[in-house]
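If you're matching positions, the sequence shown starts at 344 in the numbering used here and goes up one per residue.
Hints were generated in silico from the structure; no laboratory data involved.
Every residue gets a Cβ at the ideal spot worked out from N, C-alpha and C, and that includes glycine.
Be careful, since some hints might not be right.
What follows is a list of derived Cβ distance ranges for each label pair [claimed, not checked]: (1) 409 with 494: 15 to 23 Å; (2) 431 with 361: 16 to 24 Å; (3) 455 with 583: 16 to 24 Å; (4) 438 with 571: 36 to 44 Å; (5) 572 with 461: 47 to 55 Å; (6) 412 with 588: 21 to 29 Å; (7) 494 with 572: 29 to 37 Å; (8) 598 with 395: 19 to 27 Å; (9) 495 with 560: 22 to 30 Å.
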Amino acid sequence: MGPSPATIDVVTGALEDLLRRHVEAGTVPGAVGLLGTDEPEVVAAGVASVGGRPLGADAVVRIQSMTKAVTAVAALREVEAGRIGLDDGVEPWLPELSHRRVLVRPDAALDDTVAAVRPITLRHLLTNASGYGMALDESPLTRAMAANGTEAGPEPSPLGADAWLARLAELPLTFQPGEGWRYHHSFAVLGILLARLTGRPLAEHLAEDLFGPLGMVDTGFWVPETALDRLPAAYRFDDGRFLETEPAGGGPYAGPPAVDVSHGELVSTCATTTASCAPSPTTAQRAHRWSHGSTAA
């Protein structure tokens, strides 16, 4: 038995108050929250842009790293279908990643490398253990990633998926596959792997295999013209104030991109991100029995 309507009203009111307090404190211009019940309650507070209209509960927002969970589900469905194994090397689909070189230490010169002792596998991508990823400390590798356009950032890469992977493949790994952990890039590579494995851009595959069956009509790699009025502005907080980086209804997510964004990140609404199409418990457990690179796989 679920919570009573009276209880739901109380919790929903508390959620609204929480969001409103953050807006009034200047933490965020606007926020959307969800109370997860059998019939989810979505509430919003604040504005879609500073000085602009109120933020709606149906706002289409940039979900960024929440994309990783969606991509992981799509990958594990391919495992369940028998098209790829968790410990299969990715080189048959991503030949750019053959014959990897590995830095002798994270801050080494780009040519101070040794050969990779094993190929990158699907499991390595799912657990951020491929050898590629973000780093907080500046090094020759981070400078090279910034220079060739493979550095992670808040905005989508202007490079198409194939061009992005080709440039990433020019650079050495930070650690041996399966022997470390770094965030972000493994899942961008995973998106490209899925595109090649299924023979279609990831946007098309997810739309047909996940988003359509689940009714996730507002989820994708861009916002269609009919929904641009629900795309809020993007900001960064600098020197005590919000600086707009993408206008409401505009920016790189407004309309279809000019390149394949299989390595990109999604937009969605708060309500539709609660939909799920989970793999079997056995597959999920096998994928995550090891997750932070402490043991080679």
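Results for each hint:
no.	hint	in the structure
1	409 with 494: 15 to 23 Å	21 Å, holds
2	431 with 361: 16 to 24 Å	45 Å, violated
3	455 with 583: 16 to 24 Å	42 Å, violated
4	438 with 571: 36 to 44 Å	39 Å, holds
5	572 with 461: 47 to 55 Å	50 Å, holds
6	412 with 588: 21 to 29 Å	24 Å, holds
7	494 with 572: 29 to 37 Å	32 Å, holds
8	598 with 395: 19 to 27 Å	20 Å, holds
9	495 with 560: 22 to 30 Å	28 Å, holds
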